[in-house]
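Chain residues, written in single-letter form:
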Amino acid sequence: MLDSELLQVTGRGTNINFTIDDQRAFSDVLSGLETYLSKNRHLLSKGNVTVNVGQRILNKGQLTKIKHALESGSGLHVAQFWCSPDVLSTDDPNDGSVTVMDVKSIQNFSSEPISISTGPLDLKTSTIDHEISHDIENLLPSSTGDIELDEDTYSEGFSPEDPPIDTLSDTPNEIANANGPDTEAFLESGSTHLELSHAIISHTEPQSNLGDLYSEPISDPGPLELALINLEHSIQNGIIDDPDLHNGISNEESDSFNTYNVGFPSSGETEQEPLSLNRQNEALLIKTTCRSGEVVHYAGDVVVLADVNPGAQIIADGDIVVFGNLRGFAHAGAAGDLQATIIALDLDTSRVQIGPYVGISPKISGKRRSRRPEASIAYIRRQHIFVSPFKGRYAKYSGGTLYDG
Amino acid sequence: MMGKTIVVTSGKGGVGKTTATANIGTGLAMRGHNVVVIDSDIGLRNLDVVMGLENRIVYDLVDIIEGRCKLNQGMIRDKHKLDLYLIPAPQTRDKDCIDPEQLRELCQKLEEQFDYVIVDCPAGIEQGFKNAIAGAQEAIMVTTPEVSAIRDADRVIGLVEAAELHRPKLIINRVNSAMVKRGDMMDKDDIVELLAVDILGMVPVDDRLITATNQGIPVIHDPKALSGAAFSRIVARIDGEEVAIPDLEPRTGIMDKVKEIMGIKGGSYTHA
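So the protein sequences, as listed, match chains A and B.
Read in order, the letters of the first sequence correspond to residues 1 to 405 in my numbering.
Read in order, the letters of the second sequence correspond to residues 406 to 677 in my numbering.
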C-alpha cells in the first residue's frame with residue numbers, strides 16, 4: 001500500500017519521520033505522498049512531523065507544497081525538514097540557491113528565509129540527535145508543565161536530563177494565524193501534543209469499513225502503524241483500552257501489566273553493553289538465592305533454582321525461569337526478543353521487562369499475603385505484558401486463555 | 406590451638422550489633438574461654454560505652470595497627486574481671502585510615518592468644534565493612550524483624566558470601582512476640598524464607614536491656630532479663646551445644662490479665 005522506495009515513514013518517541021526518496025521527480029513524490037495520506041487519513045489525528053529530504057534540494061515552494069499536502073485535513077503539523085549536509089553547499093540549477101528561512105515562518109507562509117537544519121542521513125533511525133533537540137529548544141518557546149514524561153517513557157534518543165520536547169508549537173498568537181483548523185484544539189489539549197485515537201491499536205486495511213475497527217489486530221503492521229502504536233505507548237500513561245481485553249480474556253485469568261516501551265537497551269540502574277552478539281546456546285543454571293544487589297547478565301536463558309530477592313536483577317537475552325519467588329527485577333529478551341518469557345513459581349515482583357517493554361504490576365499495594373501464589377508466565381502480547389497461570393509451555397486449554405506460545 | 410574470628414555485622418544500623426558483640430563476648434568468657442572483642446567502627450565508637458570501659462581508654466585499634474603501642478597496651482580488661490579484653494576504636498579518625506590487610510593481620514595475631522576474636526562491624530557496606538570482614542572466618546548477621554532491616558540483611562548476606570564467609574548465621578533481635586502473634590510483625594519462618602540462612606537465636610525486646618546498656622553492663626549479667634537469657638542460649642550454640650530455640654509465646658493466662666488490669670508490669674511472655 002505504500003511505495004516504500006518513494007516514501008519511508010519511521011518514527012519513535014515524539015516525532016514521526018517521513019523520508020522522501022532522493023532521485024524521483026518531485027511531482028511523483030508529491031503525488032505518492034498524497035496517495036499515502038489519503039489511504040491512511042483515518043489513522044492520523046494530530047501530530048508533529050519531521051520531513052527528511054535527504055540529498056534533494058527543494059526550494060521553498062516545493063517545501064510548502066509538501067507541508068501543505070501533509071497538513072491538509074489530517075491534523076498533522078510539519079515542524080521540521082531534515083536534509084543532508086551536502087545540500088546546503090550546492091545549488092539547484094532549476095530553482096536558484098537555497099534560501100534560508102526561519103522554521104516558524106513555514107507555518108505562516110511568509111517569505112522570510114528558511115533554516116533547514118541538518119539531520120542524520122540514515123533513513124532508518126528515528127532517534128533525534130541531541131543537537132537537533134537543542135535547536136528546537138532554541139527556536140521555540142518551551143512550555144512548562146504540559147507533559148509529565150517520566151523516565152520510563154523516553155525512547156532511547158532521549159536522556160532523562162534532556163528537557164522533554166513536549167510541544168513544538170509556536171507561541172499562541174502565531175499558531176492562531178497558522179493554517180489548519182486543528183491547531184486550536186492542538187493547544188487546548190495541553191497534556192499531550194500527540195493524541196492518537198484508540199482506533200490505531202487495532203485496525204484493518206485502510207480500505208475496509210471503518211466500523212470494523214475493533215476486529216483483528218494487524219498481522220503485519222507497516223512502519224507508520226508501528227510508529228504510531230509506539231508513540232501512543234510512550235506518551236500515554238496507564239492501561240490503554242485494548243478492545244481485545246473484552247473478548248474472552250478475563251482479567252483474573254491473565255492480568256496485563258501497565259506497560260511502557262522504553263526502547264533499547266534496557267534502561268536500568270546498571271550499565272551494560274548490549275548482549276545480543278554472543279547468544280549462548282546453553283542456559284545458565286543458578287542454584288542459590290539471588291540476593292539483593294546481585295546482578296546476573298547472560299546472553300542466553302537463565303534458570304534459577306531458588307528465590308530472586310528484592311533488589312536482585314536478572315538480565316537475560318533469552319527466557320528467565322525462576323523455581324522460586326521472583327521478587328527482584330527480571331529482564332528477558334534483553335537483546336530485543338519479544339518472544340521471550342519470564343516464568344516463576346511466584347511472580348511476586350513489582351516490575352518485569354521483556355524486550356523494550358517494562359511492565360509494572362497493578363497490584364502494588366494492599367495485602368499481598370492473601371494472594372495464593374501460583375506458577376505464572378509473563379509474555380508480550382499486543383505490546384502489553386500479560387501474566388497468565390502457567391501449567392506448561394505451549395499448553396492449550398479449552399477454557400480460559402493461557403499462554404500458548 | 407588457634408582461635409576463631411567471628412564478625413558481627415548487619416548492614417542496617419541500630420539493629421543491635423554492638424549489643425550482640427558485647428553480650429556474646431561476655432557470655433563466651435563466662436563459659437571459660439579467652440575472648441577479645443574489637444570495635445572496628447572507627448570514628449563512631451560505642452562498644453566501649455556498652456561495656457562500661459570508656460574511662461579506661463588510652464590506646465586504640467589504630468595505635469596498635471600503626472605501631473604506636475604494643476598489643477597488650479591497647480587491650481583493656483573487662484570490668485568484671487573476666488578473661489575478656491576490648492580493643493576500642495579511635496574516635497578522632499575515620500574508616501579509611503586502615504585497610505583490610507592490616508585488620509586481617511591483627512586478627513591472625515590475636516588468634517594465637519585467644520580462643521575467640523569477635524569483631525564488631527560498623528553499619529554500611531563501604532570501607533568499614535570491608536575492613537571488618539577481612540579477618541573473619543565466620544559471620545553472624547544481626548537483624549530486626551522489620552522489612553527494611555531484612556532487605557539490608559539480604560544484601561549484606563550476599564556480600565558476605567561473596568567474601569567467602571559461607572553460611573552466616575542469623576540473630577533476630579527485638580522480637581516482640583505479642584506483635585508476632587497478632588500478625589503485625591514478621592515471624593521466624595518469614596524471615597528465614599526470605600534470607601535463607603540458619604537462625605542462631607532470637608532475642609526478645611526487653612526494657613532491662615536498655616537499662617543495662619545505660620549502666621555499662623552487658624545484659625547477660627542480669628539474671629532477670631529475658632534478653633540476657635536469650636544471649637546465653639546463643640552463646641551456648643556458638644560454643645557447639647545444641648540448644649533448642651524456644652517459642653517466645655506471650656502469656657495469656659488469667660493472672661496475666663489481672664496483672665494487666667492492675668497495671669503490674671512484668672514479663673509479658675514466657676519461654677521454656
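Keep in mind that the hints were calculated from the coordinates and are not lab data.
Keep in mind that the hints are not guaranteed to be accurate.
Unchecked claim - Among chain A residues calculated to face chain B with C-beta under 8 Å, some are:
1) Asn258
2) Gly293
3) Pro310
4) Gly311
5) Asp346
Where a beta carbon is used, it is the ideal one built from N, C-alpha and C, also for glycine.
Status of each hint after checking the structure:
1. Asn258: violated, 24 Å
2. Gly293: holds, 5 Å
3. Pro310: Hint on Pro310(A): holds, closest Cβ of chain B at ~6 Å, below 8 Å.
4. Gly311: Hint holds; Gly311(A) Cβ to chain B Cβ min 6 Å, cut 8 Å.
5. Asp346: Violated, about 11 Å.
Violated hints, in rising order: 1, 5; the structure is consistent with all others.
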